[in-house]
Every structure is written in structure tokens, then in C-alpha cells.
Amino acid sequence: DTEVTQTPKHLVMGMTNKKSLKCEQHMGHRAMYWYKQKAKKPPELMFVYSYEKLSINESVPSRFSPECPNSSLLNLHLHALQPEDSALYLCASSQGTGARSYEQYFGPGTRLTVT
Amino acid sequence: QKEVEQNSGPLSVPEGAIASLNCTYSDRGSQSFFWYRQYSGKSPELIMSIYSNGDKEDGRFTAQLNKASQYVSLLIRDSQPSDSATYLCAVKKGGSYIPTFGRGTSLIVHP
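Chains X and Y, in that order, are what the protein sequence lines are.
Numbered per the working numbering, the first sequence finishes at 115, counting up by one with no gaps.
Numbered per the working numbering, the second sequence finishes at 111, counting up by one with no gaps.
Hints listed in this document are in silico derivations from the structure and should not be mistaken for laboratory results.
All figures in this text were calculated on a predicted structure; none of them were measured in a lab.
Don't be surprised by glycine CBs; every beta carbon is placed ideally from N, CA and C.
It cannot be assumed that every hint is accurate.
Quick list of the computed label-pair ranges, beta carbon to beta carbon [said to hold, decoys possible]:
#1 Y39/Y - T5/X: 34 to 42 Å
#2 G16/Y - N70/X: 45 to 53 Å
#3 S65/X - Y39/Y: 37 to 45 Å
#4 I108/Y - K9/X: 34 to 42 Å
#5 E57/Y - N17/X: 26 to 34 Å
#6 G54/Y - N70/X: 36 to 44 Å
#7 P81/Y - N70/X: 41 to 49 Å
#8 G59/Y - P61/X: 23 to 31 Å
#9 P61/X - G41/Y: 20 to 28 Å
#10 N17/X - K42/Y: 36 to 44 Å
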């Protein structure tokens, strides 16, 4: 099973709203990632959690706040977003160790629209 | 020079033909190479990973890696209209544990 789930599928929020994106995997993977993807562009790395600790923050604005409550869950808290933050937000996971440690499995994504 | 380069396409092939997608990379210390397929509006799906020089086959897909020439390619045999998608190449450099994505190649398979 290589399933990563994400909720919600779609989200429309105003610039003053606070919302959260959720991601879950039950593959025992120890690395989890948040990516942002704009149309016709490759995924852009935002954050990496390794063994539940934040290991990479790609200089993401503080209006995006990640959280990893446990090894299976990853959240992305959103606050005071701008219209240019509208994009497909992707969660991914990988084993984090071993020969296949870097194979990333993506969730279906959350399509975010900021109005 | 970009770290991972792909021709953006579109690459158009007739149904039943072999589609050949290419990717070059700049870091000679790169160790792991991945191909993802992404349908429009959907998320990337891992279809192949390759770690050693040579060919790796999985069904209609063959990944080819040549570290001396710093390229990795994906061949799709007996292409089907359902193969029409963007194919993303990702490369893990030496010294990093995060793969770097190319911009992707759009493939169109026409009946």
C-alpha cells in the first residue's frame, strides 16, 4: 500500500481566514514533505519532517506553519494568505532510511484558492 | 546550467509508438533517479526509480541511466492515449536527501 491521504481536496479561503491542511500516511514512512505546485511548474519544496522533527524549511513565509503531531500525520496551518498563495498543495512521504529511502509517494493534493 | 533539465515539449507520438523522454543533470555525485507521471490537475505518481547504470524495465516502461554522460531517460513502449501526461524527472544529488525535480516533459499520445 502506497497511499497518502490529504484533506480537504479543495479549499477556498479569504485572506483573513485561518485554515489547516491535513496529510496522513500509514506506510511507516519516517520522512514527510509539503510541496507547493503552480500550474505548469514542478513541485516546489516547502518543508521536510524527518522522524517527526522539522529538518528543512525552504524559507517559507511564516503565514505557513507546519506541524507533525506524530509519525503518520502532517498538518499545514494557514493564516493571512495572499492570492498568490493559490496553488496545489502536495504532501509526500518516503521511507527515510534504507535503499529506497528517497522514493516519494504523493497524496492527491489540496487545491487552495485564496480570495 | 539548471540542476535537472528536461525538454518541456510537448512530445507528440502516435498510439503504439515508443515515447522517449530525456533528462540531464548537473551534479556528478547524484545517486538516485526517479520518474513521476502527473496527469493534469492531479498529483505526481512515482513510476520508476533507478540507482545503477544501465536499463531497468517495468512493464511498458524502461528507465535508462548513464552516469558518465549524466542523463537518465524513460522509454514508454506501445504508447497509449492514457499515457498522455507530464513526466517529471527527479534527481537526488550527493550531499542532499531531497530529490530535485525537473520542469517536466508533456507527452501527448494521439490515436
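Hints, verified against the model:
1. Y39/Y - T5/X: 34 to 42 Å: Given a distance of about 18 Å, which is not inside 34 to 42 Å, the answer is violated.
2. G16/Y - N70/X: 45 to 53 Å: holds, 48 Å
3. S65/X - Y39/Y: 37 to 45 Å: Roughly 30 Å apart at Cβ, these two residues miss the hinted range, so it is violated.
4. I108/Y - K9/X: 34 to 42 Å: Check failed, 27 Å falls outside 34 to 42 Å.
5. E57/Y - N17/X: 26 to 34 Å: violated, 49 Å
6. G54/Y - N70/X: 36 to 44 Å: holds, 40 Å
7. P81/Y - N70/X: 41 to 49 Å: holds, 42 Å
8. G59/Y - P61/X: 23 to 31 Å: At roughly 42 Å between Cβ atoms, P61/X and G59/Y fall outside 23 to 31 Å, so the hint is violated.
9. P61/X - G41/Y: 20 to 28 Å: For G41/Y against P61/X, whose Cβ atoms are near 25 Å apart, the range 20 to 28 Å holds.
10. N17/X - K42/Y: 36 to 44 Å: violated, 26 Å
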